[in-house]
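K.L.:
Listed below are the residues making up each chain.
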Amino acid sequence: MSKTDTIKRTRSWLYTTRTIFGKELKSYLGTPFGWVILACTMALQGFWLQAVIQTMSQASGESVMFYMLNNVHFWFYFIFIFPLITMRTFADEERQGTLEGLLTAPVTTTQIVLGKYFAALLFYVVLWLPMLLYPWMSELGNLYTETRYGIIPEGRIEYTPADWYGPISILTISGSFFIALGLFCSSLTRSQIIAGIVCTCLMIMYYFIGRVTELWGEFPAAPVFHYLSCTEQISAFSRGLVDTRPLVLYLSLAIFTLALTKRVVDYRRWHR
Amino acid sequence: MCQSRRFNLKNQIILLELRSHMSMVTAQHLHKVFGRFTAVKDATFSIEKGEIVGFLGPNGAGKTTTMKMLTGYLPPSAGTASIAGYDIIDHPLEARRHLGYMPENVPLYEEMRVYEYLEYRARLKGICGSSVRKQIGLAIERCGLEAKRKNLISTLSKGYRQRTGLADALLGNPDLLILDEPTNGLDPNQIRQIRELIRSLAEEHTVILSTHILSEVEMICNKVIIIDQGIIKASDTPSNLTRDLRAAGRVSIEFKGDPTEVIKELEAFEPVKKVIIEDPLPGGWNRILVRAEPGTDTREKAAAIIAAHGLPMRHIYRHIPNLENVFVEMTRRD
Numbered sequence: 113m114s115k116t117d118t119i120k121r122t123r124s125w126l127y128t129t130r131t132i133f134g135k136e137l138k139s140y141l142g143t144p145f146g147w148v149i150l151a152c153t154m155a156l157q158g159f160w161l162q163a164v165i166q167t168m169s170q171a172s173g174e175s176v177m178f179y180m181l182n183n184v185h186f187w188f189y190f191i192f193i194f195p196l197i198t199m200r201t202f203a204d205e206e207r208q209g210t211l212e213g214l215l216t217a218p219v220t221t222t223q224i225v226l227g228k229y230f231a232a233l234l235f236y237v238v239l240w241l242p243m244l245l246y247p248w249m250s251e252l253g254n255l256y257t258e259t260r261y262g263i264i265p266e267g268r269i270e271y272t273p274a275d276w277y278g279p280i281s282i283l284t285i286s287g288s289f290f291i292a293l294g295l296f297c298s299s300l301t302r303s304q305i306i307a308g309i310v311c312t313c314l315m316i317m318y319y320f321i322g323r324v325t326e327l328w329g330e331f332p333a334a335p336v337f338h339y340l341s342c343t344e345q346i347s348a349f350s351r352g353l354v355d356t357r358p359l360v361l362y363l364s365l366a367i368f369t370l371a372l373t374k375r376v377v378d379y380r381r382w383h384r
Numbered sequence: 017m018c019q020s021r022r023f024n025l026k027n028q029i030i031l032l033e034l035r036s037h038m039s040m041v042t043a044q045h046l047h048k049v050f051g052r053f054t055a056v057k058d059a060t061f062s063i064e065k066g067e068i069v070g071f072l073g074p075n076g077a078g079k080t081t082t083m084k085m086l087t088g089y090l091p092p093s094a095g096t097a098s099i100a101g102y103d104i105i106d107h108p109l110e111a112r113r114h115l116g117y118m119p120e121n122v123p124l125y126e127e128m129r130v131y132e133y134l135e136y137r138a139r140l141k142g143i144c145g146s147s148v149r150k151q152i153g154l155a156i157e158r159c160g161l162e163a164k165r166k167n168l169i170s171t172l173s174k175g176y177r178q179r180t181g182l183a184d185a186l187l188g189n190p191d192l193l194i195l196d197e198p199t200n201g202l203d204p205n206q207i208r209q210i211r212e213l214i215r216s217l218a219e220e221h222t223v224i225l226s227t228h229i230l231s232e233v234e235m236i237c238n239k240v241i242i243i244d245q246g247i248i249k250a251s252d253t254p255s256n257l258t259r260d261l262r263a264a265g266r267v268s269i270e271f272k273g274d275p276t277e278v279i280k281e282l283e284a285f286e287p288v289k290k291v292i293i294e295d296p297l298p299g300g301w302n303r304i305l306v307r308a309e310p311g312t313d314t315r316e317k318a319a320a321i322i323a324a325h326g327l328p329m330r331h332i333y334r335h336i337p338n339l340e341n342v343f344v345e346m347t348r349r350d
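Protein chains in written order, with the numbering used here: chain A, 113 to 384; chain B, 17 to 350.
Next comes chain B alone, as it looks inside the complex:
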């Protein structure tokens, strides 16, 4: 009896130690079925401490469903996940204590005032005593809500609603922030402000955000998870994702004169796979697109060939792939 207790204690210590080394989020074979529709299929990924992760995918790809499963709002049909080492099914309350969640479209109680709402949420998260005011003060300051603290939520603009939702997620200083489309429906200035805010949050928190604005992800995220039709297509850093892309290494050239000879010589060159003539431009100019192996640079050779033919050239450009290319390549259906 005594021995078994000691054994348990030992186990618990080991568990605690494990937790401190564990990833912030580990999802294992998460699966979600709505009736006949499978929203998420076998999603497995992990997110380390301090990462800003962008969840990308077309509309209806399963981003929101995956996030809702992580928060414990939607129980997975199969599989499980853990947050800060706590399983979302076995220890839901512990897991929820470690996360701040901002749902899509930021549902708030319209009849409450901003401060009142944050106070309610803080107490709901188990914050009590003098730390309630302190936590709310911090969240309000971070989100720039000082001027609106006494306003009714129903009178707030979209940007301030978003900030209120974000302030709510920050209460209790959770390790993990899950933000579902935090910049949805904002104007460019507001988007920039929220983006700065998220970037500043990343110093202390792990952040998961979903969006379909790719430039946003490129700017702030250091990890991207692409999901399409419920399947995780990629989970890597943006630079790793763009490196091996088909679009990487494409060169477009504009020159004057007969393109047939140039194309023949270019296609004989090793890394080049195919050369395509695009629509002729006015004034006798042609534009060709050289498709080559990813990661190669064919500009020098191409320029030499065109010069050897004595043809005038006005433009040569090697495509630098961005996340948009990655996104299109992974999620297109043609």
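Isolated chain A (complex conformation):
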């Protein structure tokens, strides 16, 4: 195969993958489905931000983001975001029969999986974008306090850019694996509900793996659980400690899960 041939093939491969990606992204943002998820997540974030500001008036030392993410209540809605985003990706297509049209088009299963994955991941990132407004909102709050009560150093909401970069990067990094996990669950079944339940269940399990050391104390295998612990990673990242180990962990887990998803989609076709 000549070089120009390879380039041509790669280009057409990217073209069809992008087509699937675009269609999937549109199905999130062009239908009420995506906006309902966005609205619910934002409402929950809003409630929680309000509660955090209340607690911050007593405790101090860390940023708003630290208090927001390092709490069981955050996980209470964080876990449900992933099944909501991903549960329909494969299950609904299979139930409606459109998967048949997709798989008889000249595209490979890998392209379908990747297109769907990146669309879901991008939508997930969009969910956290409103968080970027918090610094601006803090400034607005400070301005209000200053005009109302004059300059009081203790009344200011202090922040550094790292307070936001850290949490957003860990949310994106861990999300890249959790989205893949959701996609995998969706490929297992033709029922969205079952996909959602399985995904939620796996998410809760993963959450508790991170809490094993809290329950059992330190033991020889404990470092493994520390390494896998999403809660500890979030805690580190929201303090501004950016670490590459979780990046390696989640990216390799994501790639592994996506490969598994591709296998499952093919397998279900072979053994129907």
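In short, the hints are calculated from the structure, not lab data.
From a predicted model like this one, the values you see are computed outputs, not experimental measurements.
Do not rely on the hints blindly, as some may be mistaken.
[As the list claims (entries may be wrong)] Restraint-style ranges between C-beta atoms, simulated for each label pair: (1) B/Asp106 - A/Tyr127: 18 to 26 Å; (2) A/Glu251 - B/Lys174: 55 to 63 Å; (3) A/Ile306 - B/Asp203: 48 to 56 Å; (4) A/Ser303 - B/Asp203: 29 to 37 Å; (5) A/Cys152 - B/Lys174: 30 to 38 Å.
We put the CB at the ideal spot given by N, CA and C, even for glycine.
Given the structure of chain A, go ahead and fit chain B onto it with the hints provided.
P.N.:
Relative to the frame of chain A, chain B by itself:
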């Protein structure tokens, strides 16, 4: 090294030449097993360029499974097939590029608009640039979808859904169209429109369609494949299939008077196998059914015999077998 490359090139040229002469579809010993149930057993057939092939069979005979195997959606348990010379297992993408498929019940994305859906499908099939609009325009025009191009698919009637599915299959101008029950659930007018459409498509495409409306096949297909319980029972033109049928050559006669003598004389006549008296009709009329060798005409002789007895006759009819007879004969289980 250099020599072997040259040899390969030569081989490839030969392969390309072969492809241009090959049948559009060749299925070799296709076999599909679902758990303990064998859906398709050892199906071997070939379809030439430009043919309109009707896939016939009772419900659950394996029509849809065979079609799904040809499209590459269901991998065969054994055997293989090739489309336009490309093997569906070794070169699935190439094979799929040469076919347009409309699945049973036409699954579509409900939340999309017709044009949007066709655009997505066109891009998925690798059509890019200005030819996207051109191809969609052509498909929309052929399928009569101009008025509905901006409608949401969820609001379309069954007929228009079917047309959207057909327009999707036409995108990219594939050599082969596989249509699974294209007229299923349509009203008679819509059926006629779709039938006309399929007939017009046959000028440029090879078409495989499955249906259980036999008159439809008689009207548009020039080849019939009958499949029952996963086994291909026949693969021929409709006229060849009906020619050697048991029903061919049957004659029914209605006359007045005592039938015993007439029957005795008729049964003595060479091609006649058996004469059956059917239920007596009111007014002293009898109806008899003469079973004879296929392809023979016993009307003249029968009429002469009845006239010789001086009996009045009011009806004589030689059965012309149709696909329904073929279908019933090949698929009945009694």
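K.L.:
Determine for every hint whether it applies to the structure shown.
P.N.:
Verification of the hints:
For the pair B/Asp106 and A/Tyr127, the supplied restraint of 18 to 26 Å holds, since their beta-carbon distance comes to about 24 Å. Checked against the hint of 55 to 63 Å, the pair A/Glu251 and B/Lys174 passes, with Cβ atoms roughly 58 Å apart. At about 38 Å, the CB distance of A/Ile306 to B/Asp203 disagrees with the hint of 48 to 56 Å. Taken as a hint, the range 29 to 37 Å holds for the pair A/Ser303 and B/Asp203, whose Cβ atoms sit roughly 34 Å apart.
Checked against the hint of 30 to 38 Å, the C-beta distance between A/Cys152 and B/Lys174 comes to roughly 36 Å, which is consistent with it.
Checked against the numbered hints given earlier, the structure breaks only hint 3 and satisfies all the rest.
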